[in-house]
Structures are given as structure tokens and as C-alpha cells.
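**Q** Sequence:
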Amino acid sequence: MNEADLEFIRLAIGEAKKSVPEDARVHPKVGVVVVENGNVLATAFRGEVPGSHAEYVAIDEKLKDSILAGATVYTTLEPCSKRKGDKIACAQRLIDRKVGRVVIGMLDPNPDISGKGQLLLREANIATELFPKELMANIEDLNREFMREHRRREGDPAADQRFLELNRGRPIDEWYRVINSIYWNRNFHRQSVEVFAHLTEIVGGLSLLASRKDKPGLRAEEFVAKAIAWWMALCGKVHVKSVAAMIWSKFPFACPYCGRCPHDPDECSEKKARVGLDWDGLQRAGEKDIQRRPKTLGEWQRMFSAIYPAQQTEEYASTFARCTEEVGELAEALRVFPEAPGYFLSEAADVFAWLMHIRNLIDLAQRTPKNERGAALEQEFCKAYPDRCLDCGQAICTCPQILKTTIGRIAHEIPAGRDYFMAADQAQLLFHPYR
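With the numbering used here applied, the sequence shown corresponds to residues 193 to 627, in that order.
Hints are not guaranteed to be accurate.
To be verified - In silico DSS-like links for lysine-lysine, alpha-carbon gap of 25 Å or less:
id: 1; residue 1: Lys562; residue 2: Lys487
id: 2; residue 1: Lys254; residue 2: Lys274
id: 3; residue 1: Lys480; residue 2: Lys429
id: 4; residue 1: Lys210; residue 2: Lys325
id: 5; residue 1: Lys575; residue 2: Lys464
id: 6; residue 1: Lys575; residue 2: Lys562
id: 7; residue 1: Lys279; residue 2: Lys290
id: 8; residue 1: Lys464; residue 2: Lys418
id: 9; residue 1: Lys290; residue 2: Lys308
id: 10; residue 1: Lys429; residue 2: Lys487
id: 11; residue 1: Lys429; residue 2: Lys442
id: 12; residue 1: Lys290; residue 2: Lys256
id: 13; residue 1: Lys575; residue 2: Lys429
id: 14; residue 1: Lys480; residue 2: Lys418
id: 15; residue 1: Lys480; residue 2: Lys433
id: 16; residue 1: Lys256; residue 2: Lys274
id: 17; residue 1: Lys464; residue 2: Lys442
id: 18; residue 1: Lys209; residue 2: Lys325
id: 19; residue 1: Lys418; residue 2: Lys442
id: 20; residue 1: Lys418; residue 2: Lys433
What the hints assert, rightly or not - Cβ-Cβ distance ranges computed for the label pairs, FRET-style:
id: 21; residue 1: Lys274; residue 2: Gln383; range: 29 to 35 Å
id: 22; residue 1: Lys325; residue 2: Ala509; range: 48 to 54 Å
id: 23; residue 1: Arg452; residue 2: Asn377; range: 24 to 30 Å
Source of the hints: derived by calculation from the structure; they are not laboratory data.
Cβ coordinates follow ideal geometry from the N, Cα and C atoms, glycine included.
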């Protein structure tokens with residue numbers, strides 16, 4: 193591939209960026225450039241002619257009467273191998289026009305098409321090439337939402353049954369490493385309070401259990417796995433060495449206050465008021481029972497089920513209130529972290545314990561046997577974090593700091609028609625005590 197190819201590829205990417213949505217569905221952004229003997233014959237983009245693919249616009253609308261035998265077509269998306277109804281597929285159009293070469297930006301994420309359009313071209317003796325890796329990444333980033341939509345439709349093929357079977361038994365510290373590895377780049381420039389803010393938002397999603405509010409496409413149970421992942425991201429941001437060691441230091445298979453499993457509520461309340469936490473005693477208990485320390489997420493959930501059994505009469509509302517109280521304590525621990533980092537370890541362990549208790553309440557409501565609790569959580573965690581980001585599909589997340597889908601979701605909540613914010617100098621004039 194030479195410099196001229198790269199120039200035409202960049203031109204095709206520029207055309208793709210012009211793509212316009214044709215309806216409410218998620219469509220790919222596609223740009224096409226047709227070249228012969230180093231001369232650009234036509235360019236086109238998706239949506240330029242409503243309802244028509246970019247290849248059709250370029251070769252059948254703009255170059256209808258031209259001879260294209262031997263021409264090169266640069267297209268940012270693999271030409272389709274089939275269309276609905278009696279429409280001719282783009283790959284077939286290129287074959288019929290006898291183009292000599294097709295340079296492709298990315299394969300179509302639709303499993304019914306992926307690779308098949310390129311194969312049709314090759315079987316017709318048309319040379320095919322792919323964009324260079326870095327330019328292909330540009331196209332994949334441009335079509336992030338389109339790729340995500342197809343993953344959603346296919347039920348996330350990466351997290352198939354084999355992946356679940358192989359990874360549901362991962363130690364919690366391995367999941368801790370995986371989560372922070374996937375989102376290392378994305379979270380690198382974030383402050384710990386920003387990560388905490390997202391954790392708080394996700395924990396807020398658990399309120400759906402208490403309110404029984406129905407939100408299309410959302411299951412309250414899924415927020416437990418997401419909350420644990422963001423809790424891990426926060427622990428990673430403050431450089432906790434091992435979340436397993438952190439949790440075990442406060443919950444060595446027993447309540448940290450009464451020292452019992454299951455805990456004794458009356459003795460717990462008395463000791464909390466009279467003695468508080470005996471960290472030396474907890475350390476001795478943890479060292480004595482180290483062989484019992486859970487490894488997997490499911491084992492940790494079952495441990496907390498044993499220490500704090502979920503009750504049939506227990507309501508989500510009161511449990512969620514206690515959990516949010518602990519999230520507030522974690523916020524305080526984060527605020528004073530520079531002076532008292534140890535406080536974070538205690539409060540982070542408490543938040544994890546309450547997330548486990550909420551999951552145990554869910555399993556109780558679903559009549560899951562005690563010895564099977566934790567299995568659903570492990571499965572949901574595998575599905576949500578299959579060793580890659582589900583938004584961009586990459587092993588190391590390449591998503592922007594704020595996804596366009598997020599802005600689209602909250603856009604209807606944004607007031608319009610007035611300027612509600614002050615410039616920095618206006619705020620200084622209003623608030624500065626010595627002005």
C-alpha cells in the first residue's frame with residue numbers, strides 16, 4: 193500500500209464522517225471513493241441519498257454511465273453480501289461493474305454479512321485489501337455504536353457458554369486486575385472522585401429493586417455486577433494491592449463486631465457501642481482461618497450469606513438505605529484519603545459487603561438454594577466484562593470519556609432556551625469574599 197492509497201483512504205474516512213442518520217435505527221457511517229489511474233472519479237457517503245448504500249450512490253448514481261473496469265474502490269465498510277427484498281447487494285454491484293480492487297476499512301459486524309462480502313469479491317477475482325491497522329481503528333471508533341448494536345442483538349457472542357464456564361471461577365483479585373486492565377486508559381486521567389461519582393450512579397440503579405420502577409431494557413439485578421466493577425475501578429484508582437486481602441481484613445468469615453458467623457444482632461449492637469472494631473483481633477482471626485478465605489465472587493457472596501443471612505421479611509428499601517449510607521461513608525473516606533488512607537480500606541470493605549447482601553436478597557427472592565448463590569452473579573459479571581469493553585469491543589477500552597449514547601440518553605433532561613451558567617470571572621465577582 194503506497195502513499196496514494198493512504199490519501200484515498202483518508203478521503204474515504206472523511207466521507208464517512210459526513211454520514212447522516214436516515215431514521216431512528218443505528219446505521220453505519222460509510223464513505224466511498226472510486227479511483228482510476230490515480231484520479232478520483234466519485235465520492236459518496238451513507239445517507240447522501242436516503243435509503244441507499246454509499247457504494248450504490250458512488251457507482252450507480254454518480255458513475256452510472258462510466259466504465260469502471262479495473263478501478264479501485266475505497267470503502268470504509270465491507271460491501272454487503274445481501275439486501276432485503278429485490279435490492280442488489282453492494283458486493284454484487286462491484287462485481288457487475290468489474291472493478292479491479294476494493295480496499296476495505298472494517299468488516300461488517302453483522303454476522304450474516306461479516307467476511308461474506310469480501311469473499312464474494314475474491315471469488316470474482318477482485319483483489320481485496322484492508323485499511324492499515326491504525327486507520328482501521330479510526331473507522332471502528334467512528335462506528336462504535338453500530339458495532340455495539342450488533343453485539344447487543346447477538347447477545348454478546350464473546351461471553352458465550354465456553355467463556356462463562358472457563359471464567360466464572362476466577363479469583364476476585366484476577367477480576368480486579370482484568371477490570372482495571374480493560375479500563376486503564378479510560379480511567380487514567382480521571383480523578384478518584386470521578387470514578388466514585390460513577391460508582392454512586394450505578395449503586396443508584398439498585399434503587400429499582402426498592403421502588404419496583406420499570407425501566408425498559410434494564411434489570412436491577414445487573415447493577416450489582418456493574419457496581420462491583422466500578423468499586424474495583426475505584427480501588428484500583430487508589431492503588432489497593434489486593435481487594436481480597438482488604439475484604440478479609442475486616443470480614444474473616446465472621447462479623448467484625450460480634451465475631452460470629454452468623455452474626456448475633458444483639459451482641460453486635462452492644463459491642464459496636466462499647467468496644468468498636470478490634471483490628472488486632474480481626475487480624476488474628478484472619479490468619480487463623482486463612483484457608484477459608486473465599487476466592488471467587490460466588491464464594492465471597494456465599495460467605496456473606498453465611499455471616500449475614502438474608503431474611504424473607506427483609507425489604508429492599510431498608511437494605512438499599514443502609515447500602516447508600518455506606519456509600520456516603522466511602523465518600524468521606526475518599527475525601528480524607530490523603531491524610532487517613534486506612535479509613536478507605538474499612539469503608540470499601542463495608543460497601544462490598546452490602547452489595548453482596550443485596551445480591552443475596554435477590555437470590556433469596558428468586559428461591560436460589562444457598563449452595564448455589566453466587567452463580568448468577570458470576571455469570572452476569574462474565575457477560576458484562578468478557579475480557580474486553582462491550583462499548584468499543586477492545587481488550588483495552590478506547591471509548592471517549594463520555595459516550596455519545598450517554599449524552600443521547602440524558603438529552604431530554606437538559607433545559608433549553610436559557611443560559612444557566614456563569615463565566616469564571618462572573619463567579620469570582622459574585623462569590624469572592626474580598627471583592
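**Q** Which constraints among the numbered hints does this structure fail? Numbers only, ascending.
**A** Going through the list in order, the structure violates hints 3, 5, 8, 14, 21 and 23 and respects the others.
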